[in-house]
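Enquirer: So the sequences go chain by chain: A and B. For the first sequence, this note's numbering begins at 1 and goes up steadily by one. For the second sequence, this note's numbering begins at 243 and goes up steadily by one.
The hints are simulated quantities; they were obtained by calculation from the structure and are not laboratory data. Treat the hints with care, since some could be wrong.
Distance condition first, Cα-Cα at most 25 angstroms in a straight line; then the derived SDA-like pairs of lysine to any residue [unchecked claim]:
#1 B/377 <-> B/366
#2 B/377 <-> A/158
#3 A/120 <-> A/72
#4 B/412 <-> A/162
Which chain B residues face chain A? A few, computed with CB under 7 angstroms, are given here [as the list claims (entries may be wrong)]:
#5 284
#6 287
#7 329
#8 331
#9 444
#10 445
#11 468
#12 471
Glycine included, each C-beta is placed from N, C-alpha and C at the ideal position.
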Amino acid sequence: MTRNRKLPLLALIAGASLCAAPSLFAAERPSSPVAAYTAMSPEELADYLIFEMEGFDLHAPTQEGGTARDRLEQDRTQKVCSAIARSGAALDRPTAAKISALAEESIQLPEGDIALGDWKKGEQIARSGYGYRMGHRVDDHTGEPPGGNCYACHQLDPNETAHGTVGPSLAGYGRLRGTSDAMLKHTYQIIYNAHLFFPCTTMPRFGHNGTLTQEQIRDVMAYLLDPESPVNQETEQTAQAD
Amino acid sequence: MRIKNAVRAAGIAAFLSMASHAAQVQPPEDVLGELIERNSSDYLTQSEQNIMMMPDNPALWTADEGEALFREERGPNNTSLETCDLGKGPGVVEGVYVELPRYFEDTGRVMDLESRLVYCMTSIQGFSPEDPEVKTRHGSDSDMMKLQTFIASRSSGLPWNPPMDHPLEKAMRDAGEVMFYRRAGTSDFSCATCHTNTSKRIRASVLPNINEPHEWTKAISWPAFRVGQQNVRSSTHRIRGCYWQMRQPQIIPGSDAAIALMSYWTDAARGQPAILPDKKR
């Protein structure tokens, strides 16, 4: 198994070094056709520069299989949420409902009850920003498993100071919410595809995109919900709320 | 070291007096200091140590080396870059960087500083694109970083002002805006995921907001010496790093996609003074 999984990476490294030479610099490309560019809408031109003019190294293999081109292709959710963010407008209700429905369709719940995994493994996943990076330095998933990088955006363990603030604080997550089946399902759904409850959220769709396995999601859930987890130890926040 | 510092200070003083007709050219630490005085920003003030060390920024040496390189006769044609037109006529360096990317008649393209330098080094000096002088883009020791840092430093304190007169300049800026907000990849990220919030952090780093021009000017003030990497880095290097973090594929330096993105991000800092060379974490 391990041996087998190493093969694509070797191919990937070989591929990267083969095409590292002249194609990486585009300054000598034919001059841009003024008329063609200005006739396009901004969206059309962006896609044209990315895909037709090959503004990215489209042929590089990716960790998930396939090529860089696939990574750059947008699905419906990505496309709609990008356009709304660019317009600066608030998300309207019908669009929000549509994005939420797409999320609901995408979520595959585990069979039977959702059981918490191992919070210690979940902590490692929450701390690790490894995985899926490509280009000049390629993450090798055979050497280190991809993480969830939760700390990049969220506070979790209240004693960890190097946490991001792009997402809400999750310190005391389980202590504040309990561990009912409904809460377990709710948490699983958020990690799998948070657009279900927060349409056009900036949170990655870890389950939908396949960047965390079902087992990893359950481990992260344990880190969030297990009463033993450091996330649920400090009572700083409740003290303030009281 | 002391003597070298004095020589450099004298050089800067001479340059500043020479450039006194363009009164806004200022040492980068003064530009940053004034921005911090006028605005409250967690991003601008996040590293007290970097602010303090600005006058000893190693990028200032890189700029000096770049000036020597700019004036040196070299390449197969044994010519200096003093006839290179960076947008304000042959050999003009002062103030050109804050007006890039821009449309160039001779190539029919919108070009950023790096692609324009490649053009001048190949067309004027006769280098091949494969020569290390042209091909090596990263690191304080590369010709490309030395030249870019020199040229950029001659726009310090001047307001970003990329021209939008030519239809292609406008088209590229607008396409760059689409790219900035364009979510894709295994993490659904776009540039906007991180750079449309004020005072938010990724881990311990405070992020600059593109909608706050006084923050954004520092964000795009490259070349900058990156303390964590001990090297002077370019806009191209920053964009490469961002796409890597976004789990998206490698953007091609000098491609119209890369230049479009730079057109948008420079336009977003319009009117704010450039901090060049900057120092970043």
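Enquirer: May I ask you to test the interface hint for residue 444 of chain B with respect to chain A, counting a Cβ-Cβ separation under 7 angstroms as satisfied?
Expert: 5 angstroms, holds
Enquirer: Taking 25 angstroms as the top limit, are the C-alpha atoms of residue 377 of chain B and residue 158 of chain A close enough?
Expert: With a Cα-Cα distance of about 47 angstroms, the restraint between residue 377 of chain B and residue 158 of chain A is violated, given a limit of 25 angstroms.
Enquirer: How about residue 331 of chain B: closest beta carbon in chain A under 7 angstroms, or not?
Expert: 21 angstroms, violated
Enquirer: For the pair supplied as a hint, residue 412 of chain B and residue 162 of chain A, is the alpha-carbon distance within the 25 angstroms limit?
Expert: 40 angstroms, violated
Enquirer: Minimum Cβ distance from residue 445 of chain B to chain A below 7 angstroms?
Expert: The hint holds - residue 445 of chain B has a Cβ within 7 angstroms of chain A, the shortest such distance being about 5 angstroms.
Enquirer: Interface hint check: residue 468 of chain B, Cβ to nearest Cβ on chain A, cutoff 7 angstroms. Holds or violated?
Expert: Because about 15 angstroms separates residue 468 of chain B from the closest Cβ in chain A, which is outside the 7 angstroms limit, the hint is violated.
Enquirer: How about residue 471 of chain B: closest beta carbon in chain A under 7 angstroms, or not?
Expert: 13 angstroms, violated
Enquirer: Can we keep the residue 284 of chain B interface hint, with Cβ of chain A closer than 7 angstroms?
Expert: 10 angstroms, violated
Enquirer: Are residue 329 of chain B and chain A close enough, Cβ to Cβ, to be under 7 angstroms, as the hint says?
Expert: 16 angstroms, violated
Enquirer: Need the status of pair residue 377 of chain B, residue 366 of chain B: alpha-carbon distance at most 25 angstroms?
Expert: Holds - the C-alpha atoms of residue 366 of chain B and residue 377 of chain B are around 16 angstroms apart, at most 25 angstroms.
Enquirer: So, as I understand it, the hint says residue 287 of chain B touches chain A; can you test that by seeing if any CB pair is closer than 7 angstroms?
Expert: The hint is violated - residue 287 of chain B has no Cβ within 7 angstroms of chain A, the shortest such distance being about 16 angstroms.
Enquirer: Just to be careful, I want the Cα atoms of residue 120 of chain A and residue 72 of chain A compared with a cutoff of 25 angstroms; is the pair within it?
Expert: 34 angstroms, violated
Violation of the numbered hints given earlier is confined to hints 2, 3, 4, 5, 6, 7, 8, 11 and 12; the remaining hints are satisfied by the structure.
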